[in-house]
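From the two separate chains plus the hints, produce the assembled complex.
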Amino acid sequence: MLEIINLKASINKRDILNGLNLKINPGEVHAIMGPNGSGKSTLANILSGKNGYKITGDLKYKGENLKDIPVEQRAQKGIFLAFQYPLEIPGVNTNNFLKTSLNTIRKAKGEKEIDTLAFLKLVKEKAKELGIDEKILSRQLNVGFSGGEKKKNEILQMKILDPNLVILDETDSGLDIDALKTIADGVNSSRSKDKSFLVITHYQRLLDYIKPDFVHVLSSGKIIKSGSRELALELEKKGYKKIN
Amino acid sequence: MKNSNINTNQEYKYGFTTDIENVRAPKGLNENSIKFISKMKKEPKWMLDWRLKAFNRLKNLKEPNWQKPKYPKINYQDLYYYSAPKSASNKPKSLDEVDPKLIETYKKLGIPLQEQKRLSGVAVDAVFDSVSVATTYKEELTKKGIIFCSISEAIREHPELVKKYLGSVIPLTDHYFATLNSAVFTDGSFVYIPPKVKCPMELSTYFRINASETGQFERTLIIADKGSYVSYLEGCTAPMRDENQLHAANVELVALDDAEIKYSTVQNWYPGDKDGIGGIYNFVTKRGACRGRNSKISWTQVETGSAITWKYPSCILQGDNSVGEFYSIAITNNHQKADTGTKMIHLGKNTKSKIISKGISAGQADNTYRGLVDIGKKALNSRNYTQCDSLLMGNKCGAHTVPYIKNKNSTSTVEHEATTSKINDEQLYYCNQRGLNQEEAVSLIVNGFCKEVLQQLPMEFAVEAQKLVGISLEGSVG
Numbered sequence: 001m002l003e004i005i006n007l008k009a010s011i012n013k014r015d016i017l018n019g020l021n022l023k024i025n026p027g028e029v030h031a032i033m034g035p036n037g038s039g040k041s042t043l044a045n046i047l048s049g050k051n052g053y054k055i056t057g058d059l060k061y062k063g064e065n066l067k068d069i070p071v072e073q074r075a076q077k078g079i080f081l082a083f084q085y086p087l088e089i090p091g092v093n094t095n096n097f098l099k100t101s102l103n104t105i106r107k108a109k110g111e112k113e114i115d116t117l118a119f120l121k122l123v124k125e126k127a128k129e130l131g132i133d134e135k136i137l138s139r140q141l142n143v144g145f146s147g148g149e150k151k152k153n154e155i156l157q158m159k160i161l162d163p164n165l166v167i168l169d170e171t172d173s174g175l176d177i178d179a180l181k182t183i184a185d186g187v188n189s190s191r192s193k194d195k196s197f198l199v200i201t202h203y204q205r206l207l208d209y210i211k212p213d214f215v216h217v218l219s220s221g222k223i224i225k226s227g228s229r230e231l232a233l234e235l236e237k238k239g240y241k242k243i244n
Numbered sequence: 001m002k003n004s005n006i007n008t009n010q011e012y013k014y015g016f017t018t019d020i021e022n023v024r025a026p027k028g029l030n031e032n033s034i035k036f037i038s039k040m041k042k043e044p045k046w047m048l049d050w051r052l053k054a055f056n057r058l059k060n061l062k063e064p065n066w067q068k069p070k071y072p073k074i075n076y077q078d079l080y081y082y083s084a085p086k087s088a089s090n091k092p093k094s095l096d097e098v099d100p101k102l103i104e105t106y107k108k109l110g111i112p113l114q115e116q117k118r119l120s121g122v123a124v125d126a127v128f129d130s131v132s133v134a135t136t137y138k139e140e141l142t143k144k145g146i147i148f149c150s151i152s153e154a155i156r157e158h159p160e161l162v163k164k165y166l167g168s169v170i171p172l173t174d175h176y177f178a179t180l181n182s183a184v185f186t187d188g189s190f191v192y193i194p195p196k197v198k199c200p201m202e203l204s205t206y207f208r209i210n211a212s213e214t215g216q217f218e219r220t221l222i223i224a225d226k227g228s229y230v231s232y233l234e235g236c237t238a239p240m241r242d243e244n245q246l247h248a249a250n251v252e253l254v255a256l257d258d259a260e261i262k263y264s265t266v267q268n269w270y271p272g273d274k275d276g277i278g279g280i281y282n283f284v285t286k287r288g289a290c291r292g293r294n295s296k297i298s299w300t301q302v303e304t305g306s307a308i309t310w311k312y313p314s315c316i317l318q319g320d321n322s323v324g325e326f327y328s329i330a331i332t333n334n335h336q337k338a339d340t341g342t343k344m345i346h347l348g349k350n351t352k353s354k355i356i357s358k359g360i361s362a363g364q365a366d367n368t369y370r371g372l373v374d375i376g377k378k379a380l381n382s383r384n385y386t387q388c389d390s391l392l393m394g395n396k397c398g399a400h401t402v403p404y405i406k407n408k409n410s411t412s413t414v415e416h417e418a419t420t421s422k423i424n425d426e427q428l429y430y431c432n433q434r435g436l437n438q439e440e441a442v443s444l445i446v447n448g449f450c451k452e453v454l455q456q457l458p459m460e461f462a463v464e465a466q467k468l469v470g471i472s473l474e475g476s477v478g
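In order, the protein sequences belong to chains A and B. Residues in the first sequence are numbered consecutively from 1, following this note's numbering. Residues in the second sequence are numbered consecutively from 1, following this note's numbering.
Chain B on its own, in the form it takes in the complex (with noise of 0.2 angstroms):
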């Protein structure tokens, strides 16, 4: 393990590391690792004639370089793939069984997986770096039909729905970094919500990276069966460290007839140091499938950290009536960058989305809205609405707005509003005047600028937000 490169920079609360013994893959990406992945999984044979399908595709793909924010190339034989704390090669049987220090992590990360302290009705999956550790209120869970458990469970365990329906809404073939996370991805959060249930708490998934020179290349997927209802929510942190590490998830929703899939996320993996130095690469793929007649699948995220966050969380509404929903706070801060948005690709009758996007920047940041709505021709009588808003602080940032609109019939109609502030100076003193200190009164302007989406999140986490939200613009104002 090596630690020797772990700032000592004190602002990022979540920067300590674990020192764990890990199991590791051989470094590099070939066929070779990917067996050793699979194997360690114990991976049924079409699991890995799917990755290695994928390795096999991969090989023919180019890394995507139309984004705004450049970064430098990566070496992809240089990463190990498959990164697990020993004591978690046999996967505990219960809480008991999970290593003190991995309690302990989730403790200092105020994620208490121990049953009596746990957050009420929210039931968790820990992922540290490769492998889940630990899933709670399972039997609670099972006793409704729901199924919730690690990828590499369901793989093992429920083969049937994952051959179904994994590779579904983010094919093989789809872009390079989905291609690569479909032949190495290691673990992840799997969950089946079987038809007219309503899920009783909000599941929760935490992600930690540990490890160093490691990628992160989790994959989740959720089904929401006719009729049902699930509330998901994601969080992520990493140690400060001054090197890149990559993290390129898949997460793939499929929402059924009448089913509805919320999806929320806090992203706060490591920034990076004021100067730019080390940070995650936070390269993902989210996607989700209206499938069924009067679905509704609304994400939600909330961008703080990452060196650069580069994701476009998208609704495929094929359904008729289905319902697609984006609503994002990016903020950079410093060096981060983040070029973010959705797609919403209306393919069924009477389809609604709605995207209200609220982009902050301050420091030397760069933050760019992305976002692509199409209507196709069969979607008739559908809408948009689409609200982007930015937020400069100083003026050395950056905000950019890159909406793409596609029309295809005449019974549809789009619409988009973006605006385009500054913090203002008169605002703060009014604050200050009446009491508030500088970063109190950014705070309160901020939280204020993205309440709309602050208030899409479940009642658990809104109040977290709203403090990282105050966390993350820290320093920013003179």
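For reference, chain A alone in the conformation it holds in the complex (with noise of 0.2 angstroms):
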């Protein structure tokens, strides 16, 4: 599904990845834990996408070489990334917002564009499915959302979206349990052979629910250690720096 390989990347001259290699299968949930600045979300805006970075070394998705694919296109591809701080878009109805990007999405693919009584039974039923309030679906996007709702928000785009490979860059963090179980579900529930993920997160809480297959720990911009999920428990008795 997706393929680094000796990936480095900087910005403003600062380094940031040194080298980051990572393969993941189809189907398979690879976690990635550090501590701040390690280059986490550096990572998540780089397999999006996002302009600013100056970048070497290779990214394969599908096979196919990401190098010069603009944002909006590998989102068409089947690229997901759900925010750590999703934006404000202040007019925009959160229901319009969605049917516009399943759409376009839609369309990239070839396929025929859903019609609103369709759309709008889909998103019903996700929503129910995660245990969403309907209501934030008709108020504008992610304005005055609290910060569980617009965490909430990201993972029923992912589920209406239905992605190949989805990035969760630091989902958890400053979320109540209630609200991290919702997150949880909704993952759980999507996992499937032809559908991967990438779990961005600084606690092992988040691993308790979202079980990995695959743990690396991220330090200075390299992945310093891989393991299975026991190295999430082993991280979370020690610390980061004894690892090392």
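No lab work stands behind these hints: they were computed from the structure. Just so it is clear, the structure is predicted and the values come from calculations on it, not from any experiment. Virtual Cβ for every residue (Gly too), placed ideally from N, Cα, C. There could be a bad hint or two in this list.
[Said to hold, decoys possible] So these bits of chain B aren't anywhere near chain A, every CB distance computed over 10 angstroms:
(1) Leu-48
(2) Lys-62
(3) Leu-347
(4) Leu-372
(5) Tyr-385
(6) Pro-403
(7) Lys-406
(8) Asn-409
(9) Gln-427
(10) Arg-434
(11) Leu-436
(12) Leu-444
(13) Phe-449
(14) Lys-451
(15) Lys-467
(16) Glu-474
[Stated by the list, open to error] Straight-line distance between alpha carbons at most 20 angstroms, and here's what the computed PhoX-like set of lysine-lysine pairs gives:
(17) A/Lys-99 - B/Lys-451
(18) A/Lys-77 - A/Lys-67
(19) B/Lys-143 - B/Lys-198
(20) A/Lys-99 - A/Lys-126
(21) B/Lys-467 - B/Lys-451
(22) A/Lys-99 - B/Lys-467
Right under this line is the structure:
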């Protein structure tokens, strides 16, 4: 699904990633853990195609080189990033945004656009599955949403857009335990053999709910250790410093 | 017909010209050209006298120059003040007699004039250069006693109404451009809604400047008699030319007791090219009088075109409990400039006004909101709410807000809120990550920003206006 080979990235001449390698097969869930400033969010941004980074190395998604493919086309090809801080867009209705997004992606895939009735049915069903209050769907996108509502809204979007590679950028930060469960349920119910997840987090707590196949420790822009879920538990006990 | 200086720029979709034979007044602003216009229109003597009075007054007036956008001096002697398609010099009696080329032009503009193809429920009056070429749905309106025709026709057929109301909101002596219009206005629309009649459809006028070196001076007069209601929409386009063309219209609205007028404008005159060459000078005077008790006038404008837009659609709230509203979107891109806003003059008791203004600036454009809220001594318990939001795109454009607020009694309240924001790269990135490209993302964000105003537009036009908002900003983000 995704192959990262010797990825180096800098922004404003500051090196952030220093030769990162990672391979994610279809159906796998990988977790990346690391302290502040280790390059976790940068990795998420680079995978989604955000501008502003100087990059060397290879990024392959479904065998295709991602270099030179702009953000929106990566999204259309099935890469989804759940934002750490989802943006507020005043005046734009959440439902309309989601429908526009879904139809743009469907069109890019050569599929027929979904009509309003079918869309509302779909969104209602998914919101119910996730235990999300439907009311937020008729509000302006993320405007006045609580931290939990914003994150749940990201997971709802993931459900509806049905991507192949999902990157969760510290989706668990600032969440209470109920919201965390909602989000984990959303992810777990989406797991399938043709979908892969990259879960970026500070804390092992999230991994109690989303059980990863692999855990990687990111430090100073490199993966310094990889292992199974037990590595996360070890990290929690010892802290990042001792892992080195 | 001079065609050589038409721009070949393809970005302005209405930039074509129609090659049609014209009848023109002699060039220049003088008594003879005014007499020529009056004669062509077969006007009665009182109308010509009125025009000449305005012309005499004009000699003592100077162009105002307090506005933000400056422009090179206009040579008023170098303009044609009347230009009409030859075939329309005897106005066609029915649509079958309208020159097919004109019908074709309006078709290209998306304004079908033929009965069977018309937008459902919208009556259209089409003004081509200086004359009105067709009014649709006339019969159905006549049954209700509604008069919807060109102002030229109204002057001949309904002199008592025209005499009573023309110039009653914008006096002959008002200011340079308004007075100029009074002297040389050529055509425009006239609407009269009788007491207690709710106009069953949207009334719409479509203005088109075609000929070169021609000013367009249209005059619109709308009267809503006691207890009546009307919703009126105007749209405008012009060919792309290197020269600047002057458009100085006057629009007067009168609402009597319990009457309501909703006036919407989608202005898309040619804005000039990317380097600011050519485009329309849109210097327009629009004013409504809420003359009766409980009357209401609501202006909605979507201003996306013109090299310079300079207008303040205003409400004079004379009647007790009357309401004035102004909803505005002004988009300026490239080298466009806008200085627009409103005046809310509160004279009656318990009068209310609401101003929602959304200014969007991109490229090297400059956008000014200028507004006056004036609450008189006797306008007890009056209220105003103003909200002015500016959105900037890029770092070479400007946004300015110049509110004038006068409250002359202690029982009234005035509220003013203003914000300035920049389109945020993170918002764009977020939209991109959901599959939208840059232009789609900008259009989405800007439409969200303008939503409160867009939703004031009649349904049939809201969709068009939304698209226009997106198109006007195309290419403005890297």
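Checked hints:
no.: 1; hint: Leu-48; result: 51 angstroms, holds
no.: 2; hint: Lys-62; result: 42 angstroms, holds
no.: 3; hint: Leu-347; result: 34 angstroms, holds
no.: 4; hint: Leu-372; result: 27 angstroms, holds
no.: 5; hint: Tyr-385; result: 18 angstroms, holds
no.: 6; hint: Pro-403; result: 22 angstroms, holds
no.: 7; hint: Lys-406; result: 31 angstroms, holds
no.: 8; hint: Asn-409; result: 35 angstroms, holds
no.: 9; hint: Gln-427; result: 5 angstroms, violated
no.: 10; hint: Arg-434; result: 4 angstroms, violated
no.: 11; hint: Leu-436; result: 6 angstroms, violated
no.: 12; hint: Leu-444; result: 6 angstroms, violated
no.: 13; hint: Phe-449; result: 6 angstroms, violated
no.: 14; hint: Lys-451; result: 4 angstroms, violated
no.: 15; hint: Lys-467; result: 14 angstroms, holds
no.: 16; hint: Glu-474; result: 16 angstroms, holds
no.: 17; hint: A/Lys-99 - B/Lys-451; result: 18 angstroms, holds
no.: 18; hint: A/Lys-77 - A/Lys-67; result: 14 angstroms, holds
no.: 19; hint: B/Lys-143 - B/Lys-198; result: 13 angstroms, holds
no.: 20; hint: A/Lys-99 - A/Lys-126; result: 13 angstroms, holds
no.: 21; hint: B/Lys-467 - B/Lys-451; result: 13 angstroms, holds
no.: 22; hint: A/Lys-99 - B/Lys-467; result: 17 angstroms, holds
Hints 9, 10, 11, 12, 13 and 14 from the list above are not met by this structure, while the remaining hints are.
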